[in-house]
Amino acid sequence: MRLVSDILDNISRYLLVFTLSTMAVVVFTQVLFRYLLNFPLFWTEELGRYLLVWSSLLGGAIALKRHEHIAVTFLTDRVPKKFRAVIGKCAMLLIIFQIAILTVGGVELVYLTKLQTSPALRIPMALPYLALPVGGCIMLVHALAHLFDPGQPGGNDGNTPD
Amino acid sequence: MVITIMVISFAVFLLMGVPIAFVLGLVPATTLLITGTIDPLHITQLAAQKMFTGIDSAILMAVPFFIMAGNLMAAGGMTRRLLKFCNLLVGWLRGGLAYINVAISMIFAGITGAAVADTSAVGSILIPAMKEEGYDVDFAAAVTATSSTIGPIIPPSIPFIIYGSLSETSIAALFLAGMVPGLLLGIAMMGVVGYFSRKRNYPKGKMLALKEVPGVVVEAGLVLILPLIILGGILTGVFTPTESACVACFYALLISLFVYKDITLKKLQRIIISTGATSSLVMLVVGMASLFSWLLAIEEVPQLITHLIMGFTENKFLILILINILLLVIGTFMETTASLIILTPVLLPIVTKFGVDPIHFGVMMVLNLVIGLTTPPVGVCLFIACSIAETTLERVTRAIVPFLAASFAVLVICTYWEWIILALPRLFNF
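Quick mapping for you: the protein sequence lines, in order, are chains Y and S.
Counting in my numbering, the first sequence runs from 1 upward without gaps.
Counting in my numbering, the second sequence runs from 1 upward without gaps.
Hints may contain errors.
[To be verified] Quick list of in silico lysine to aspartate or glutamate cross-link-like pairs, DMTMM-like style, CA-CA up to 20 Å:
1) K261(S) to E219(S)
2) K266(S) to D77(Y)
3) K89(Y) to D149(Y)
4) K316(S) to E418(S)
5) K206(S) to E133(S)
6) K84(S) to E219(S)
7) K114(Y) to D56(S)
8) K89(Y) to D77(Y)
9) K267(S) to D9(Y)
Derived from the structure by calculation, the hints contain no laboratory data.
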């Protein structure tokens with residue numbers, strides 16, 4: 001499970017660099033075309049929004065892998081060590097439950113919208129919606145890896161990376 | 001019944017240490033499952049749908065962009081160059097480094113919208129420097145943590161973007177409204193710094209040699225243009241807030257790559273990944289909270305609370321004070337974005353009923369919640385400053401009291417005299 005989680009983490013890092021930098025380029029192009037070429041593009045905003053959804057879910061998975069999601073830990077920090085591990089496991093189970101809900105819901109949405117196309121880009125709506133089940137599955141693997149092999153302490157007080 | 005389940009499950013999940021983003025998703029999901037009003041397959045679909053529409057917003061694209069601009073600045077040599085510039089401005093005063101700490105936070109605030117990046121970027125350079133020059137470590141940590149809370153008040157600001165998108169108020173107007181309170185915060189903190197520097201006889205910095213001045217000003221000037229591009233672009237209507245954030249990123253990137261030459265492609269990749277991870281912390285909270293807010297609205301919770309408050313008092317100022325106290329308590333325990341998302345739809349209808357301007361209320365709310373970032377027991381900025389300074393929370397808590405008092409004073413002033421906040425946006429016809 002650790003191994004799968006590490007591999008997925010690496011892949012999602014590359015995907016995230018791609019989605020986030022494309023999003024920046026797309027919005028920048030939107031400004032350039034409007035002012036320099038006097039030719040406003042109609043599809044850039046939509047593409048940017050969909051890339052934001054993808055980036056958020058991929059980033060969310062990476063943050064989950066690194067225990068970066070902000071949690072309130074002042075109570076769990078004060079209970080005896082033995083309890084802390086048990087509470088940590090329960091919390092992780094709850095996280096898994098929530099991710100499962102999103103993943104299942106995401107699959108349903110992709111299935112329901114398989115014939116729809118987006119208003120501006122005319123791409124299948126399943127493409128942006130796919131971010132939910134894909135991101136959900138990656139998070140699920142990370143969470144399961146944390147559950148069975150809790151190497152690092154769980155929870156974070158909101159320290160941002162780097 | 002529904003509200004009871006929501007409150008209890010919220011408290012239990014949060015105290016168990018479940019991350020706030022997931023708590024916000026779990027509470028409505030379990031509530032709907034227990035009450036059984038909607039069948040389970042429909043709940044999953046609703047949760048996913050709300051999550052998607054919550055994130056799928058052009059305004060919110062500004063969040064990763066403003067975080068990226070801040071990260072680029074912290075990673076590149078911009079922070080160092082701005083420090084030199086601040087040294088020129090206030091370094092020669094008694095307690096110079098402490099003044100520099102506040103001043104650079106105010107400039108940093110004009111580029112990025114988050115407080116936490118500021119604490120770590122400024123703190124990791126200035127806290128060791130202050131230690132070396134004989135400042136008390138606790139004082140150094142306290143200045144760093146409190147001054148970084150100016151970040152989300154002086155525009156651009158991520159909390160304002162989120163408040164604006166929730167309350168449908170103009171983000172440009174909110175940005176303008178944050179300027180005066182942000183400056184007041186800075187001045188108040190410099191006042192505290194001045195008092196303690198004289199009392200404890202902290203060292204003065206060196207005056208810069210006159211021939212060095214032009215170089216420092218020009219180098220810093222390249223960074224100082226950024227806030228002008230961002231604000232000017234938004235106010236003149238050239239850019240949307242999102243576009244201005246994006247342009248800021250490219251400007252910072254170009255300067256770091258070609259003028260300062262201190263960012264490699266490898267480093268850039270790391271910056272992008274950490275930007276994605278950090279902004280997703282906000283974005284997941286936003287996404288998960290949309291089902292939560294939907295359920296609150298369905299259950300008519302805002303109306304319920306309005307009735308509750310109106311039975312107690314109908315005085316506008318008294319209500320604002322009550323809300324301030326409530327927000328301060330919540331702000332110490334909960335993260336800013338999550339509090340904003342949950343509370344804005346609940347509190348805004350109440351205060352507008354009593355004639356409070358949504359822009360005034362937004363600034364007040366954000367001011368309140370960021371003060372919570374530095375109040376014990378769970379102030380995020382406080383933790384970071386403590387770990388950089390290698391001191392304990394208990395000791396910094398004592399050092400931070402005068403700074404907190406200054407912040408509270410600004411909060412009370414801004415709550416009572418609404419024109420302090422509203423004058424600038426009115427001037428620009430918002």
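Structure-based check of all given hints:
With a C-alpha separation of about 13 Å, the suggested pairing of K261(S) with E219(S) holds against the 20 Å cut-off. Among the hinted pairs, K266(S) with D77(Y) is inconsistent with the structure: their alpha-carbon atoms are about 37 Å apart, more than 20 Å. For a cut-off of 20 Å, the pair hint linking K89(Y) to D149(Y) stands: about 10 Å separates their Cα positions. For the given pair, K316(S) sits about 12 Å from E418(S) by alpha-carbon distance, which is consistent with the 20 Å threshold.
Proximity of K206(S) to E133(S) is assessed by CA-CA distance (about 12 Å); at most 20 Å being required, the pair is judged to hold. A distance of roughly 9 Å separates the Cα atoms of K84(S) and E219(S); the hinted pair therefore holds under the 20 Å criterion. Restraint check for K114(Y) and D56(S): the C-alpha separation of about 18 Å stays at or below 20 Å, so the hint holds. Proximity of K89(Y) to D77(Y) is assessed by CA-CA distance (about 14 Å); at most 20 Å being required, the pair is judged to hold.
Taken as a hint, the K267(S) and D9(Y) pair is honoured in the structure, with Cα atoms around 18 Å apart against an allowance of 20 Å.
Violated hints amount to a single one, hint 2; each of the other numbered hints is respected by the structure.
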